[in-house]
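Just so you know, the protein sequences line up as chains A, B, C, D and E, in that order.
Following the numbering used here, the numbering of the first sequence begins with 10 at its first residue and continues without gaps.
Following the numbering used here, the numbering of the second sequence begins with 170 at its first residue and continues without gaps.
Following the numbering used here, the numbering of the third sequence begins with 286 at its first residue and continues without gaps.
Following the numbering used here, the numbering of the fourth sequence begins with 98 at its first residue and continues without gaps.
Following the numbering used here, the numbering of the fifth sequence begins with 1343 at its first residue and continues without gaps.
What the hints contain is simulated information worked out from the structure, not anything from laboratory work.
Glycine included, each C-beta is placed from N, C-alpha and C at the ideal position.
It is possible that some hints are incorrect.
Said to hold, decoys possible - One side of the interface only, derived from the structure: several residues of chain E facing chain A at Cβ under 7 angstroms: (1) Y1967; (2) L1973; (3) G1976; (4) L1980; (5) L1983; (6) L1985.
Unchecked claim - Just the calculated beta-carbon pair ranges, DEER-fashion: (7) D:A325 / A:V11: 39 to 47 angstroms; (8) E:P1926 / C:A503: 50 to 58 angstroms; (9) C:W749 / E:R1939: 37 to 45 angstroms; (10) D:W582 / A:M83: 46 to 54 angstroms.
Take a look at the letters that make up each chain.
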Amino acid sequence: MVELVTFAIAGLVVLGGAVGVITSRNPVHAALSLVATLFGIAVLFIAQEAHLLAAVQVIVYTGAIVVLILFVIMLLGIDRMEDVMSEPLRGQRALAALLGVGLLGCSGLLVWLADGDADRFVTGARAATAALDQDEANIAQVGRSLFTDYVFAFELTAALLTIAVIGAVVLAKRPTDLAPLPERPVDPAAAADDEEVAG
Amino acid sequence: MDLHVTHAWYLVLGALLFTLGAVGVVVRRNPLVMLMCVELMLNAVNLTFVTFSRMLGDVGGQTIVFFVLVVAAAEVVVGLGITVALLRRLPGATADDVSYLRG
Amino acid sequence: MGLLATTEAAAHAGDVPLLPLLVLTPVVGALLLLLVPGRRTELIRLVAFLTSVLAAVASVYVLAEFDAADSGMQLVSHRTWVADFGISWFLGIDGISLFLVVLTGLLFPLTIIGISPGHDDKAYYFWLLVLEAGCLGVFLAMDLFLFFVFFEIALVPMYMLIGGWGHGNRSYAATKFFLYTMAGSALMLVGILTLVLLSADATGGPTFDVLRLGEAQALAPMTARWVFCSFMLALAIKVPVFPLHTWLPDAHTEAPTAGSIILAGVMLKMGTYGFLRFGLYLFPEAAVWAAPAMLTLGVVGIIWGAVVATMQRDLKRLVAYSSVAHLGFIVLGTFALNTEGLQGGILQMVNHGISTGALFLLVGLIYERRHTREISELGGLQSAAPMLAAVFVLVVFSSIGLPGLNGFVGEFLTLLGAFISHRWWGVVAASGVILAALYLLWAFQRVFHGRAEGDNATMPDLTWKEGVVLAPFVLAIIGLGLYPRPVLERIEPSVERLLVHMDAQVDDWERPVIEPIQIVVDDAEDDLGDGGDHDAGADEHAEAGR
Amino acid sequence: MSPLALLAQTEAVPNIDTPIIEWSAVAPMLVLGVGAVLLLTFTSLGRIRPERGTTTLFTVVVALGAMLAAVPQWAQVQGWTDYRWIDDGHTGAWTAIGGAVGVDGFSVFITYILCISVILVSLLADEHCRREGIAGPELHALLLLSATGGVVMASANDLIVLFLGLETLSIAVYVLVAMDLRRIQSQEAGFKYFVLGAFASAFLLYGIAMIYGATGTTNLVGIVDFLAGNLVAEDALLLAGLSLLVVGLGFKVAAVPFHLWTPDVYEGAPSPVTAYMGAAVKAAAFAGMLRVLLLGFGSYDGTWVPVIEILAALSLVVGAVMAVVQTNVKRMLAYSSISHAGFLLVGVAASPEAGTADVLFYLAAYSLLVIGSFGVVTLVGRSGDAQHDLADYRGLAQGSPVLAAMLTVFLLAQAGVPLTSGFFAKFYVIAGAVEARSWWLAIVAMLASVIAAFLYLRIIAAMWLSDDPEPLRVEVPFAAGLALWAALLGTVVVGIFPSILIDAARDAVPMLVSLAP
Amino acid sequence: MEELIWLIPALPLAGALLLVVAGRRLGEPVAGLVATGATLGSFALALGMFANLVSLDEHERILTQRLFTWVPAGSFSVDMGFLLDPLAMTMVLFVTGVGALIHIYSIGYMHGDPRFHQFFLYLNLFVASMLLLVLGDNMLLTFLGWEGVGACSYLLISFWFEEEANASAGKKAFVTNRIGDWGFMVAMFFTFTTFGTLQYAEVLTGASSLAETTATAIALLLFVGAVGKSAQIPLFIWLPDAMAGPTPVSALIHAATMVTAGVFLMVRTSPILVEAADWVPTTIATVGALTALVAATIAVAQNDIKKVLAYSTVSQLGYMFLAVGTGAYVAAIFHMVTHAFFKALLFLGSGSVIHGMGDEQDMRRMGGLRRFMPVTAVTFIIGWLAIAGVPPLAGFWSKDEILLGAWEESPVLWAMGLLTALLTAFYMSRQVFLTFFGEPRWSLEGDGDAAVDPAAGMPGDELPEPKPAGFHPHESPWSMTMPLVVLAFLAVVAGGLNLPFSKDLHFLESWLEPSLFGNGHHSTAEGSEKVALAVVAIAAGLAGIAGAAVLYLKRRGRPATVEAAVLRRGWYIDSSVTWFMGGPGRAAFDAVAWFDRTVIDGAVNGVGAAVRLVGTGVRPMQSGYVRTYALTLGLGALAVLVLVLSRVAI
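Work the whole structure out from these sequences, hints included.
Structural data, given as structure tokens:
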């Protein structure tokens, strides 16, 4: 019952936050909604006994990533309202809805196929080597996994972070003698017409 | 009624979140909000991973989430860098304004 | 395999590798050209000419070395190229390819000396020599892959020649030529691979060796037909067979004279040569199956080409369409599937190369002088240039198929061959000779007869040099018309062998041969004579049934 | 102790059996990665920035070093006794570092493609960076780092390693694409590539998650073992995961309909980077795709082969058709690269039947071609990286005939004209398709190549056949010239003696080997 | 002796080659002399050969010579070989003989022409081809000559190519001939597939074993060939136009030799014809008779001196086919020979007239020429009488035999022949009267406004301009008149070749016997019947002459009633054909060309355009909006998902 309540509340927060992200006119509001979602996820992590991840989720995501995003919003002053009611691209929303419905339909299909019982298709071999052990602390288990099975991946993250750093440095530079902005291209369909026809 | 939270609930929640994120990327024009939507998708995946990890009794799933976090962080850094560079040239531009290249 | 072994033994083991030398000479020449500075036009021409002469000498030497009695591959050169796929550098020559090689060898020096490009000599001769290598390679390659390589590689220089030195709409024509041909050969590649891979078990690992593939006959009949069709499509485009011919007039019209000569003289033969070498040899059953369709296309081509040629206003275009008609005869002879037709077809390939090559050369000379190809702009040229007119009329007669000139023998044999195997096709196709006379003589009349006015009246006649270039054509036209035997003799064994092969491979088919009636001795009784009549009637039925 | 340890609630950390780190298995990526870091370190330590030639030289040396480091791997895999200067006793393909890294001929082959791409692109970029004011050694460092990611992808035996490799590669390339800060197009391209890349990554990751759920592992060996050992009746989740994997990787290889970023990004990116994307990114992505699909899900080829075939056909046709209507050379080549991806996908679809040699050959050949083509594009683009219109190529043959000839060769090779590597590439792929009995795909591929030939001809015609052009003289810097000549040489030599490459490609068999106990 | 057969055609060929190489340098008149010499040499050789042949036993009078294998291909093999039998000998003799005379004549006629040497080059080439035609020992070699003469004819008709009409006439002749050649070729195919050879020796001896259908087909197809070459209905339209060539050409090619090649061919292959169905000879005879009659009616209304002769030639050729069709092969050959003499004579005479009249061809501008050109007039009159069937000149005897044969076949054919004979006599007399008798009409009478055109009122198209006052026709030089005299002599005596009076006088018939394989028609008519027929024929001829005399000499009655426009226009046959070729024919050709350009090529270009169109159409998808891209990507992913999952769910 506790899990049900937790799930319900956290789930609502998660979804509510997500809806907030995609509907807020103000990017700052969107960022704050994102924080809600992230918190919700963290709660769900805890509900699933992934304590370490819950902590990391809060620290890294909300603490670092969202703050970074907010910084940029402030820095660039792009907290302008976005007109979320209109859509300049024709058909975009309808197709987006189709995408959403389709993706949900697919997951619904999976659930239906499994008859609501996820275990029916989560057929993976129950782990023998890195089994979740209720007795051992989550952190230790993750740590062991990180330094055994995933040690190479772990090392690889170094490269990833290096790149991020270089990228940030490179992209933050202020270039001299900028090339002028190009003219807005004409409609591609119209552009194609005045080419010579051959073949 | 014994309403039991099954694993499937978590998975469906994850799918919902993923879908919302995906739709968000498609419908939002603010580059930063688009970035956030991608984060939503990644979080959905994280949730799924953790759920599977629990179902399988395998800690690996949780470890993977750890890497996803790192990737997300790196992506955000670079993504923000690019966005900043872009918006410096085109202050206040939306994603739709960034369409010099086409055809 | 045994076949290969014997032919290799027959080759002069200790001799120089004649065929590789033949193919590589132009390549070396082309590379040499790259070293010559572009300003030194004379030197460039000299190098190009000498190279082509060298290749010509080599081709004539091949002719001399050729053993007329041997029906198999001669002067074989065999090296493994790509081992894991059974691709090899396999050159060989037999009666089917011999004269095409000689024709190619001889046509190029004439083209090189006869026509000057006008600009960018270096690149021009470079491409021309590359083209020569490609053309020779196509006729010599006995490895399917190698054949395909040469078949494709020849496209590039021709594209460049048309595009770089052609007339008005050259870019369009060159592109059309390239893409159309490539579209066909693209499918042929799929066909080749299907053949090779599906035969791999039978041939003991994949091989592109034409002889071994032909011997193996490993494909199921339906598959073989499909693969055959892929070959046919590519080759038919190259020939071109109606209704795939429309690239030809454009390419010919816009090409520089040299391009037209080589295109008509050599490159179109790649297709018809491929019909024999690959279509018939590799897929005998499918060839028999497709013969009526191909014959029909041949006949339609003969008449269609002639009719359309009649209505052309551009002299070069007219000649181009005449090629469509002429190649219809070759298709007809080839798919007659008998010795007469095949021999005639091969001879006609050579003949068409000479006649149409000469026609294009002459049209080119007129163009050089008058800067127009519009028939209506020309007229009365005979009074200004009687020599040119004389040669032109000779070539026209050859093209019409006047007996005593080269065109006739091939044409007659192809028609005869078609008549033997498919009577009505032969009868209808023969009417092509009427139309040929119509369009060519009409064109000749409009260009050369009548009163010359304006620039036409002052057009210079042939120069000495041009005369020298044309002389070999004239000699060949008359020589092959009066004494084609040396050629036919060398073609026959190989053709015979091909037909024997087909006969052996196709169960319910025998190659059409004529069965002469029993001639009853003069003093025979009347009832005996009736018996003879009866037999003849039966024969007719048997033939009609095929 | 790491911060993680501080968070631990337990008083005593038990001993962990950390896996052995087989350095020889990771030597090439290590060389590349460490080289990049060293490059950055050196340049930031020195007060005066070194001449960029030095950076290039350093990059070339590092990449060569990586290739050198890969030699013993190859020797091991092939069972050669020579050249094993780092010999840890393995013979044949093997798996290292806790099953995360597989060393086989395949990975070594891709490593070579990546290293050669890095070398050639860095040579190309040398003068380009100087001219365009692209700052510092970062470009070269990023090249090396992304190549590291590529090598990881090629040798990943674990989906999550593959994902990380992919991200390493991609994130570096996002930066590379957006690097030319003077041109808004560069940032636009970077932005688009980034957004879509992240979007696609999410799909890929979701797919990995599903596969993890369905099989209980992300290790390819584990997956194969699992699939071999269990009859999976309810495989919907697995199939969904597989689909999303295909989508994610399909995005990276620019398969239609996941290709839309390609033309914009190729056009907007600095030209040398475009070359790099065409060569290295494509190679790494295909390496990853083959590893996952063929090795991990070889038993599911009935599922993914049809999908790949459809993607292949779409890519072939759409790429070719769209290329035809372009006027910007970079864009044309971008679309043509989509068509080439289609060809490669044909090879991938045929790989369960015909092996991977054809794809590897194609990748190797195409890498040189695309670097060569975009190399010339780089030079013709001149100051501002802007002269990319078809009309800008007029007169190139008159002004710089050698450069024009080079581009002609590269384009003809892409069109599949014999005696170039491109011809054999197509040849082998089609052979593979025929061997796999998918004739329809072979036919579609060949017809698409005819359509695509039109666009190569257009460029060639613009260079050689335009009427009375002003001769266009293009400076060829030494380093770029070197790269072009190398690419040309490779193209022609392989075109004449394909055995050199195809034999190696045939030896480069991808293989999954369980971790030695 | 037979090893020298090859020399007969080789001599003129060598002459031609010499003229190719050095013709221009030799110039006038050496080039002409060379050519003449070559032909004369051939003639001499032929005479020698004739003597040799005569000396042989009747059954051995077949000489053959094989030079080399010409076309060997599979089972097909044809030699360059010659067959000299009495039939070929006859042809050779009169070809070389008449040819030599015409060569001599041409030296004078072509005097001053800038391309004098070229003319003789063609003439020599023609003679060589004609000799190949008649000497060939197989059908293919005959065909070689057949086409060779056609080509020479083309070259010679359009010799004065500056005139568009001449060029057109040449082309028309060749193309029309080609229609016949088609028949000849197909006939050869049939022959070869039936006999396995084209050698006359085997084909003709084996013909008796032919199935009737095969023989019918071959015979009909050969007849098609002959119809083309010998200008029979419906392919006769080229011959009148062919008069555009120089007159010696008309004499040699279009009267004496080439046009008779069809007759020769039919006679040569008579054993096959004999085996054919009965209706085949009947058809041949009917076509012949019809041609004879129709051409004769047309000739009645022609004003061009050569056109009259041209239609007359067509008409006489019709006679020969009538003979062939009735099986009277000897009569056909007999008439061919006599016709060669008198028609060549008439043509050369007309050439002489034209020459003397300063290139005037319209008879309405002539008249009374006998005073100015006595030799020409006398010889022409002999020719006239010969063709009109006045005994004892050559034409009477040969025509009489044909009529006899026709009578025995069918009275209708005979009647047609007789009517033709009457008409022949009429139009020839008309020609002679208009040309050589009456008053001169070439210049105006009187001066100034009072000038009267003596030719005014004569029926026909627009009159040519009158000659200027003081114009006087002149007699031709000896080189032209000499051949006239010789031919006139021959026209008188040639009847002696085959006199009907006694079996012993059937020289030609017995001479040709070996060539006909006993297929010759042997008249069964009684002597009295023969005499009666002959008398009727003579009467018809005289009636014709008398009628013409009344109309044109005595100037009674109105010529216009006879010279109806429909006749002058040749029953509108030629103009119909011309209209058809220029109208619907051309339109059809244009339609095909249009189809080729628009539909076939259009389809090809259409593929390119379609690719472009699709590309352009799909291009907007590449909108530049990253969100569109993302959406597409997402939908693509969805599609893949659905695709894969649908295989599970279903």
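We went through each hint and held it up to the structure:
no.	hint	result
1	Y1967	holds, 6 angstroms
2	L1973	holds, 6 angstroms
3	G1976	holds, 5 angstroms
4	L1980	holds, 4 angstroms
5	L1983	holds, 5 angstroms
6	L1985	violated, 11 angstroms
7	D:A325 / A:V11: 39 to 47 angstroms	holds, 41 angstroms
8	E:P1926 / C:A503: 50 to 58 angstroms	holds, 55 angstroms
9	C:W749 / E:R1939: 37 to 45 angstroms	holds, 41 angstroms
10	D:W582 / A:M83: 46 to 54 angstroms	holds, 52 angstroms
The structure fails to meet hint 6 from the earlier list, while all remaining hints are met.
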